[in-house]
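Visitor: Residue numbers (this note's numbering), protein chains in the order written: chain L, 81 to 559; chain D, 5 to 201; chain W, 134 to 202.
Simulated from the structure, these hints should not be mistaken for lab results.
None of the values given here were measured: they were computed from a predicted structure.
Possibly wrong hints are sitting among the right ones.
Unchecked claim - Examples of chain W residues lying across from chain L (beta carbon under 8 angstroms, computed):
no.	residue
1	Gly-166
2	Ala-167
3	Ala-185
4	Phe-186
5	Leu-187
6	Val-188
7	Asp-190
8	Asp-191
9	Asp-192
10	Asp-193
Stated by the list, open to error - Take a look, some chain W residues computed to stay more than 12 angstroms from chain L by CB distance:
no.	residue
11	Leu-159
12	Gly-161
13	Leu-174
As the list claims (entries may be wrong) - If you anchor each label on the Cβ, the simulated ranges turn out as follows:
no.	chain 1	residue 1	chain 2	residue 2	range
14	D	Ala-167	L	Ala-230	52 to 62 angstroms
15	D	Gly-154	L	Gly-209	33 to 43 angstroms
16	L	Gly-384	W	Phe-152	45 to 55 angstroms
17	L	Ala-466	D	Ala-167	36 to 46 angstroms
18	L	Leu-278	D	Pro-166	45 to 55 angstroms
Think of the CB as a built atom: it goes at the ideal place given N, C-alpha and C, for glycine as much as any other residue.
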Amino acid sequence: MTAPSRPYTDSPAPDVAASERVAADRSTRRPVLLFFHSAVIWLLIGSLLGLVASLKFTFPDWLTGQALWTFGRVRTAHLNAVAYGWASMALIGVAVWMIPRLVRAPLHRPLVATAAAVGWNLFLVLGIGAVLAGWTDGLEWLEIPYPIDAVVAVSGGLMAFSVLMTVARRRTRHFYVSVWYVLAAMVWLPIIFVTANLPVFGGVGQAALNWWYGHNALGLWITSLSLAAAYYLVPKVLGRPIRSYSLSLVGFWALAFFYSLNGIHHLIGGPVPTWLITVSITASVMMVIPVAATAVNFHTTMLGRFGTLRHSPTLAFVVAGAMIYTAASLQGSAEALRTVNRVTHFTHFTVGHAHLGVYGFASMILFGAYYFIVPRLVNWEWPRPALIRWHFWLALGGIALYFVSLTIGGWIEGVWMLDAARPFGDVVSVTKPYLVARSVGGAMMMAAHCVFAYHYWLMVRRRGPEPQEPAWAEGRAAG
Amino acid sequence: MNRYLVIFLGAVATVTFAFLVLVGLPQEQLADVGAPAALRPYSASEQAGRARYVSLGCHYCHSQQVRTPAFGSDSARGWGRASEPDDYVYDRPHLLGTMRTGPDLMNIGVRQPSRDWHYLHLFQPRAVAPYSVMPSFPFLFRVKDQAEMGDVIVNTPPGLVPAGKVLVARPEARELVDYLRAMQHDYDVRAAAGGGR
Amino acid sequence: MPRGTAPSNFSGAMSPIAFYILAICLVGAIIAGAAFAWAALRGEFTDAAQAAFLVFDDDDAPRPSGPSR
C-alpha cells in the first residue's frame with residue numbers, strides 16, 4: 081500500500097477515495113455489465129456476418145437462395161451490428177463506468193441507464209432484422225429505418241440523462257480529459273443522428289449529409305469515446321499521469337474542429353462543388369495536428385515504461401490501439417489527397433482503412449478496457465491468462481492480415497481501374513486472391529472473439545480459482 | 005476545463021459549423037438546380053425497381069457517379085459523361101455509392117439496353133461475365149415447366165436451367181430491369197427546355 | 134495534379150460562396166479566440182498539470198508517490 085500523496089488540494093483522503101470508488105462501482109455495476117454483455121454478443125454476431133459477407137466474394141453463389149442472405153443485406157447487417165452493437169455499446173459501457181469514478185459521484189439513477197441498454201438492444205434487434213428483411217433507408221451508416229431509429233433516440237436520451245446528472249452532482253473541481261471526450265460525444269451523437277435521419281434531403285445534398293454524418297459517427301462518437309478510454313487506462317495502469325495535459329486540450333479542440341469537417345472526402349471527384357471537396361481535404365490533412373498531439377502525449381507518457389506491456393493485458397491492447405490510431409489517421413490524411421484518392425477511391429483500399437480504424441484502433445482499446453474494468457465489476461480475476469494471449473495475437477494478427485491484403489489488393493485494383501485499356505474483368509480478377517487473404521484475416525478475428533467471449537463468460541460466472549492477485553500484475557507489485 | 009458549458013457550447017458550435025459548411029451552404033448553392041428538361045421522373049415501375057435495388061444493397065458494389073477525365077478513366081471506359089448535381093434531382097435516397105466492385109451504373113441503360121442481358125445477368129452473373137463476384141439473384145425468377153400467358157420468358161443459354169424448363173422473370177425482376185434501363189444520363193445537362201436525349 | 138473540376142454550372146458561383154465561407158470562418162475564429170481568452174483569464178488553464186492527477190483519485194492501482202511530475 082503506497083503512502084498517500086496529495087499532489088493537489090482537491091485530492092480526497094485515501095479512506096474517502098476508497099469509499100467513493102466503492103459507491104461509484106456499485107452504482108455502475110448493473111448497467112455497465114448489461115452494456116458489456118450485449119456488446120460481446122453483438123461482436124460475435126457482427127463478426128460472423130462479416131465473415132459470411134467476405135466469403136461471398138470468393139463463393140458468390142453461396143447462400144443466394146433467398147434475399148435474406150444476399151451480400152447487400154449481410155454486409156449492411158454486419159456494419160450496423162459491429163458499429164452500433166459491439167463498438168457503441170462497449171464504448172457506452174466504458175464511459176458510464178468511468179464517469180462516476182472521475183467526477184467522484186455515483187451514477188445517477190442506474191436503473192435509467194440499464195433501461196437505456198435494454199432499449200439499445202431492442203433497436204438493434206429490430207433494426208438489423210429490418211435490414212435483413214429488406215426494409216432499409218438506403219444510406220450507408222443510416223440504414224436502420226426511421227421508425228426504429230426512434231427507439232435508439234429514446235435510449236440514448238435516457239443514457240445521456242443518467243450520465244449528465246451524475247456530472248452535475250460532481251465533487252471534483254476539474255474535468256479530467258476523458259470526461260471532456262465523453263461529454264462532447266454525448267452532445268455530438270444525438271445532433272448528427274437526428275439531423276441525418278430527417279427525411280428532407282435528396283440528391284447530391286443528401287450525399288453530402290450522408291457523409292457529414294458517416295464520418296462524424298466515426299470521428300465524433302467512436303473516436304471520441306475510444307480516446308476517452310485510452311486517456312483513462314494508460315495513466316491508470318502505468319501509475320503515471322498524462323505527460324502534457326495542455327497538449328490534451330489542443331488535441332481535443334483540434335479534433336472537434338477538424339474532424340467534423342472531414343466528411344466530404346468520401347465524395348472526392350463526385351458531383352459536388354469543388355470548394356466543398358477542398359474544405360474536407362484540407363480538414364482531413366489538418367487532422368495531423370490532433371493526432372500528433374495525442375501520439376506525442378501517449379508516447380512520452382509511456383517512455384521508459386514499455387516493459388509494462390509484458391505484464392498488463394490492458395496496456396498491451398490499449399497501446400496497440402493507440403499506435404494504430406496514429407497510423408490509421410495518417411493514412412486517412414494521405415487518402416484524402418486528390419493524387420492518392422484518384423487511385424484508392426471505390427476500391428478495397430478504403431475498406432482496409434475503415435477496418436484499421438474501427439477494429440485496430442477502437443476495438444483493441446475496448447478489449448483492453450474490458451480486461452481492466454470487468455474484474456472491478458465482478459470482483460474476480462480473469463481465470464485463464466493464456467486465453468488473453470490467444471485473444472491478443474489472433475486479433476492483432478487478424479487485423480494485420482486483413483489490412484495488408486486489402487491495402488495491397490485495393491491499390492492494385494485502383495491503379496488498374498485507372499487504365500482504361502484494362503478490361504473491367506481483369507480489375508475484378510486481380511483482387512480475388514487478396515479477398516481470400518482478407519477472409520483468412522477475418523476468420524482469425526472471429527476466432528479471437530470466440531476466445532474472448534468464452535473467457536468473458538468464465539469471468540462473469542466467476543469460474544476458476546479464487547484470485548489471490550491479478551492474473552497479470554497490473555503494476556500492483558510496485559506498490 | 006471545469007465548465008460543462010464550455011464543452012457543451014464548443015461541441016455544439018463545431019458540429020453545427022461543420023453542418024453549415026458541408027451541408028447547409030452547398031444546399032443553398034444547389035437550391036436553384038432544377039430538373040434537366042431531358043431527365044424525366046421515374047415511372048412507377050422504375051421507382052419500384054429502384055426500391056428493390058436499394059433493398060438488395062446493389063449500391064454497396066456499384067457507384068452512380070461518373071468522374072471527370074482528370075480523375076479517372078470513367079469516361080474512357082464508356083461509363084458516360086461526368087455526372088452533375090442536376091442528374092440526381094429525382095434520387096431519394098441518393099445512390100452515389102462508394103465501391104466499384106462492379107462497374108458504375110449511371111449510364112447502364114445506354115450501354116446495355118437489352119432486357120434479356122439484364123435478366124440473365126441478375127439470374128446468374130457468371131453466365132455473362134465469368135470473372136464476376138456479383139451474387140446471383142435466383143429468387144427474382146421462377147423456373148417453370150411451362151410458360152403461361154403473360155409470363156416474361158428469359159432466353160437462356162443451354163445448361164443454365166434444367167433441360168425442358170423455362171426461366172420466367174418475376175415482376176420484381178421486371179421492375180428492377182426497368183430501373184436499370186432508365187439509368188441514362190447522357191443528355192446535355194445544360195440544354196434548354198425541349199432538348200431531348 | 135488533377136483539379137477535378139467537373140464541367141459544371143458553378144462558374145462564377147465560387148466568388149459569393151467563398152465570401153460567405155470566409156466571413157463565417159473569420160467571425161467564428163474571433164468568437165473562439167475571445168472565448169479562449171476569457172477562459173484563460175478566468176483561470177481555467179492554470180492548474181492543468183494538476184488536473185492530470187485526477188485519474189488517480191479513486192485509490193485504485195498505483196499512485197505516483199512524491200512530487201513526480
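Visitor: Please go over all the hints and tell whether each is borne out by the structure.
Guide: Each hint tested on the structure:
The closest approach between the C-beta of W/Gly-166 and any C-beta of chain L is roughly 12 angstroms, which is over the 8 angstroms cut-off, so the hint fails. Checking W/Ala-167 against chain L: minimum C-beta separation of about 14 angstroms lies over 8 angstroms; hint violated. The closest approach between the C-beta of W/Ala-185 and any C-beta of chain L is roughly 4 angstroms, which is under the 8 angstroms cut-off, so the hint is satisfied. Interface hint status for W/Phe-186: upheld, as the beta-carbon distance to the closest one in chain L is roughly 4 angstroms, under 8 angstroms.
Because the beta carbon of W/Leu-187 sits about 4 angstroms from the nearest beta carbon in chain L, less than 8 angstroms, this interface hint is met. Checking W/Val-188 against chain L by beta carbon gives a least distance of about 5 angstroms; that is within 8 angstroms, so the hint holds. Taking 8 angstroms as the C-beta cut-off, the interface hint given for W/Asp-190 holds, the closest approach to chain L being about 6 angstroms. A least Cβ separation of about 4 angstroms between W/Asp-191 and chain L falls short of the 8 angstroms threshold, and the interface hint therefore holds.
Against a cut-off of 8 angstroms between C-beta atoms, the interface hint on W/Asp-192 holds, since the closest Cβ of chain L lies about 4 angstroms away. A cut of 8 angstroms between beta carbons decides the hint on W/Asp-193: the least distance to chain L is about 6 angstroms, and the hint holds. Even its closest Cβ contact with chain L, about 15 angstroms, leaves W/Leu-159 beyond 12 angstroms, as expected for a residue assigned away from the interface. Against chain L, the non-interface label of W/Gly-161 is violated: not every CB pair exceeds 12 angstroms, the least being about 9 angstroms.
Against the 12 angstroms criterion, W/Leu-174 stays outside the reach of chain L, whose nearest CB is about 16 angstroms from its own CB. In this structure the supplied range 52 to 62 angstroms holds for D/Ala-167 paired with L/Ala-230, their Cβ-Cβ distance being about 53 angstroms. At about 35 angstroms, the beta-carbon gap between D/Gly-154 and L/Gly-209 stays in the expected band of 33 to 43 angstroms. Range check, L/Gly-384 to W/Phe-152: about 53 angstroms between beta-carbon atoms, so the 45 to 55 angstroms window is met.
Here the CB-CB span from L/Ala-466 to D/Ala-167 is close to 58 angstroms, at odds with the stated 36 to 46 angstroms. Checked against the hint of 45 to 55 angstroms, the C-beta distance between L/Leu-278 and D/Pro-166 comes to roughly 50 angstroms, which is consistent with it.
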